[in-house]
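J.: Based on these hints, arrange chain D on the given structure of chain U.
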Amino acid sequence: MKPFRWGRPLRHARLQAILAVAAMGAAVALPVVLVSVGGGVFAHELSEVENAGYQIAVSAPGVHSIADAHSDVSRFGAVPGVTYVSPILSIAVNAFNSSGSASAVLAEGVIPGQFSPTLGSAESGLFPNPLPLGDPTDLIHYAGGTYRGPATNDVLVSSPYADSHAVHVGSSLALGLTANRSGAVAYNVTGIFGVAPTILGPVGAFAILLPLSNLQLMTGYANGTGTIVPDAADTVQVVVAGSVAANPSSLDRVRSEIQAMVPDYGVSSLSQEAAQLQSADSVLTGFYFALSSVGLAVGLLFLALVLLRRVETDRRSIGIRRAIGLPRRAIAGKILAEGLELSAAGAGAGLLGGYLLVRGIATYATSTVQEAAQLALFSPVQLGEIVLGVLGLSVLASAVATRSALRIPISEALR
Amino acid sequence: MTEVRAPRIELAGVTRTYGASTPEEVQALRGVDLTVEPGDFVSVEGPSGCGKTTLLNLLGLLDSPTSGEVRWDGRPVGARSDRERTRLRLEGVGFIFQRFYLLPTLTARENVELPMRALRVPRAERTPRASALLAEVGLTPRARAYPHQLSGGEEQRVAVARALANDPGLLLADEPTGELDSRNTRAMLDLLVRVREARDATLIVVTHNREVAGRARRHLEMVDGRITRDVREG
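Chains as they are written, first to last, in the numbering used here: chain U, 3 to 417; chain D, -8 to 225.
Chain U extracted, bound-state conformation (with noise of 0.2 Å):
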C-alpha cells in the first residue's frame, strides 16, 4: 500500500505542473506569434521601400489629383540628380474580353520610357523591357498639350489576368469606364507581365498597363469633365541619381526642391518612409507585448496558484526542511526553482507552439492571413527578450510562494 501512498500525490503534482506548463505555453506563445508575424510583415514592407527602383514619391490621391502630369515630368527632371519621373494614373476600369463579359481591371495609365526604371529589383523582372506600349514618352498622343496626337491603344495585361481570360499577346480587349461594352475602346494586348506577391494591400491580380494618355482619355480626366482636371495623375515617382540617393543630405535638398514646386501635394522621400515604417513597427512591437502582457498575466497568476498550492501540499516538507534548520534562502531557493523551472518548460512550450502555429498558419489559413504567416520571422533577439521577460516575472510568482512558505509555523507544518 506505500507506494500508492505516494503515487496520489505524485499524479497530483504531475497534474499541476502540466496546467501550469500549459498556461505559460499559451501566454508566451501569443507574443510569439504576434511578434514574429508582425515583425515579418514589417521587415517585408521595408524591403519593398528600400528596394523600390524611385526615391521620392509625389502623391494627391482621390479627387485632388495630380495636375499637368506631363509637364511635372519636364519640371521634376530639370532638378539636378533627378533622372527619371513617372507619374501614374491608377483607376478602377471594366475589361471586356472576346465573349463580352466584363472583368473589373486596375489599369496603371504611365508614361512607358519613364516607368521601367522606376520599377525595383523585385519587379524588374516581371516586365518586359522595354514596355511595348508604343509612343515611349506618350508625347504622340498627348501632342503640344492636347491628346489630337495618334493613340496606340497597346495595353498590357497582367499574367493572372490573362491565363484566367485566355488573353495572350495579339488579343483585343475592349477597355471602358462603364459596364456598358458599347462605350468600351478596343486596345491591343502586345504584352504580359508579372505580378509580385504583395501583402497588406490591395491584390493587383487583375490589372492592366496603358499609357498615361489613354487611361486618362478614357476616363475623362483628359478632357476636364466634371470636377476632374485634365492631364493628372495620382503619384508622380521620381528616381534620381545614385550618388545622390546614396546622400540623405542631398536626397533631402532634391525632395525639397520638388516640393517648393508643388506645394499643395505630399512629397516624401523613401528612406523616409522607411524611418516612419520603423517607427510604426516600433509601436506595433510594443503594442503587441502590452497585448500580450494580459495572457503573461493569466499565466504567472496561474503559476503562482499551482506554487501555492504545492507550498500547501509540501507543508509538512517545508516544516520539517524549516526544523532541521535548512535556512530560509534553501526553502525559498526551491521554489525559485521550481517556479524557473515550470516557466522555462512553458516558455519552449510556448516557442515551439507558437511556432508550429505560424507554420499551420502559413499553411492552412486563406488569402491575406496565410500570405502574413508565410512572411513571419523568428528573431532570436526578441524570442530571447520574451523567455527573459517571463523568467523574471517568474520569480514574482516564486516570491510569492516563497512567502507563503516561510510564513508557515514550524510546529503546526509538524502536526
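I should point out that these hints are in silico values taken from the structure, not numbers from a laboratory.
For clarity, every value in this text was computed on a predicted model and none was experimentally measured.
Just so you know, even glycine gets a beta-carbon here, dropped at the ideal spot from N, CA and C.
Worth double-checking, as some hints may not be accurate.
[Claimed, not checked] Here are a few chain D residues that sit away from chain U, every Cβ distance over 10 Å (derived from the structure):
| hint | residue |
| --- | --- |
| 1 | ARG(-4) |
| 2 | GLU28 |
| 3 | PHE32 |
| 4 | THR57 |
| 5 | ARG74 |
| 6 | ALA126 |
| 7 | ARG174 |
| 8 | GLU188 |
| 9 | GLU202 |
| 10 | GLY205 |
[To be verified] If you anchor each label on the Cβ, the simulated ranges turn out as follows:
| hint | chain 1 | residue 1 | chain 2 | residue 2 | range |
| --- | --- | --- | --- | --- | --- |
| 11 | D | VAL184 | U | GLU314 | 33 to 41 Å |
| 12 | D | SER39 | U | GLU314 | 21 to 29 Å |
| 13 | D | PRO119 | U | ARG405 | 37 to 45 Å |
| 14 | U | ARG405 | D | THR13 | 19 to 27 Å |
| 15 | U | GLU314 | D | VAL17 | 19 to 27 Å |
| 16 | D | SER55 | U | ALA292 | 19 to 27 Å |
| 17 | U | ALA292 | D | SER58 | 50 to 58 Å |
| 18 | U | ALA292 | D | SER12 | 42 to 50 Å |
| 19 | U | ALA401 | D | PRO119 | 51 to 59 Å |
| 20 | U | LEU379 | D | HIS139 | 29 to 37 Å |
| 21 | D | HIS139 | U | ALA346 | 28 to 36 Å |
| 22 | U | VAL296 | D | ARG21 | 51 to 59 Å |
| 23 | D | SER142 | U | GLU314 | 57 to 65 Å |
T.: What follows is chain D alone, placed relative to chain U:
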C-alpha cells in the same frame, strides 16, 4: 564540523496556547518552569495530549511560548533572530520526530545528508559520514531506499541517523522507539546513550516506554500542560 556544546536551557513561566480566543483554543502548556543542564538525560512521560511534544518543540526552538520565557545559555530565545534560531537548530539540535518525518523524495542516505548539506559540509566528508551513521543504525543495505520502501522501524532508524548527522549538543526524541521491537529498542537506546556520553550531549526523550524511561537520569511527568513530577537520580 563546528563543535557545539550542549546548551543550558531554562523555561520560566512558559505557557503555550493554540488557537487563542477561538472555540478550538487549547492550552498545551500552563506555566512551566524547568531548567535542563548540559549533559542531562531526561525522560518526559505523561498521557497523550498533556503537552510533551509542545515542551519538546519549545526546548528545540521550533516554537515560541505564548507567554513566559525560554532561555538558552541565559539568553532569551525571543531576543534571537529567526536566522540565529535556525542556525542553532541546524548546528546544535538533533530531532527525532514521533512520525519520523523523513522527506519522501529523498533516499535514506540523502535524508541523513540533508542537515550536513545545509551546513555546507563537503560531499567528500558528508557521504562517508552518512554511510557510517546508517551503518551504526544497521541500515547500510537500505541506504538507497526511499521512505515509502522502508518499514516503520527502518524509517525510525533513518530519523535517528539524521538527527545525529551534525553531532548536535541537544538531542530531542519524541517516542524514538515507538515503532521498534524490543531488540531494536535496546540497540537504539544504546546508540543514543553512547552518543550522549561521547559528546556530553543533552538527551531529552518523550516516551511511554518504561525501559526507555528507566535509562534516563532525570524523569519528568506531565499532566494537563504542567510538570507534576521532576525526579533526578543519584
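J.: Does each hint hold? Answer for all of them.
T.: These are the hints, each one checked on the structure:
1. ARG(-4): Non-interface label on ARG(-4) of chain D holds, nearest chain U Cβ at 17 Å vs cutoff 10 Å.
2. GLU28: Label holds. Min Cβ-Cβ 23 Å, cutoff 10 Å.
3. PHE32: holds, 22 Å
4. THR57: holds, 12 Å
5. ARG74: violated, 7 Å
6. ALA126: ALA126 of chain D clear of chain U: closest Cβ-Cβ about 21 Å, beyond 10 Å.
7. ARG174: About 23 Å separates ARG174 of chain D from the closest Cβ of chain U, which puts it past 10 Å; holds.
8. GLU188: holds, 24 Å
9. GLU202: holds, 26 Å
10. GLY205: The claim holds: GLY205 of chain D sits with its nearest Cβ about 28 Å from chain U, beyond 10 Å.
11. D:VAL184 - U:GLU314: 33 to 41 Å: For VAL184 of chain D and GLU314 of chain U the Cβ distance comes to about 40 Å; the hint holds.
12. D:SER39 - U:GLU314: 21 to 29 Å: Holds, since SER39 of chain D and GLU314 of chain U (Cβ atoms, about 27 Å apart) stay within the stated range.
13. D:PRO119 - U:ARG405: 37 to 45 Å: holds, 38 Å
14. U:ARG405 - D:THR13: 19 to 27 Å: holds, 24 Å
15. U:GLU314 - D:VAL17: 19 to 27 Å: holds, 23 Å
16. D:SER55 - U:ALA292: 19 to 27 Å: violated, 47 Å
17. U:ALA292 - D:SER58: 50 to 58 Å: About 54 Å separates the Cβ atoms of ALA292 of chain U and SER58 of chain D, which means 50 to 58 Å holds.
18. U:ALA292 - D:SER12: 42 to 50 Å: holds, 48 Å
19. U:ALA401 - D:PRO119: 51 to 59 Å: This hint is violated: roughly 38 Å between Cβ atoms.
20. U:LEU379 - D:HIS139: 29 to 37 Å: Violated: the Cβ-Cβ distance is about 51 Å, outside 29 to 37 Å.
21. D:HIS139 - U:ALA346: 28 to 36 Å: holds, 29 Å
22. U:VAL296 - D:ARG21: 51 to 59 Å: Holds, at about 56 Å.
23. D:SER142 - U:GLU314: 57 to 65 Å: violated, 29 Å
In terms of the numbered hints stated before, the structure departs from hints 5, 16, 19, 20, 23, listed from lowest to highest.
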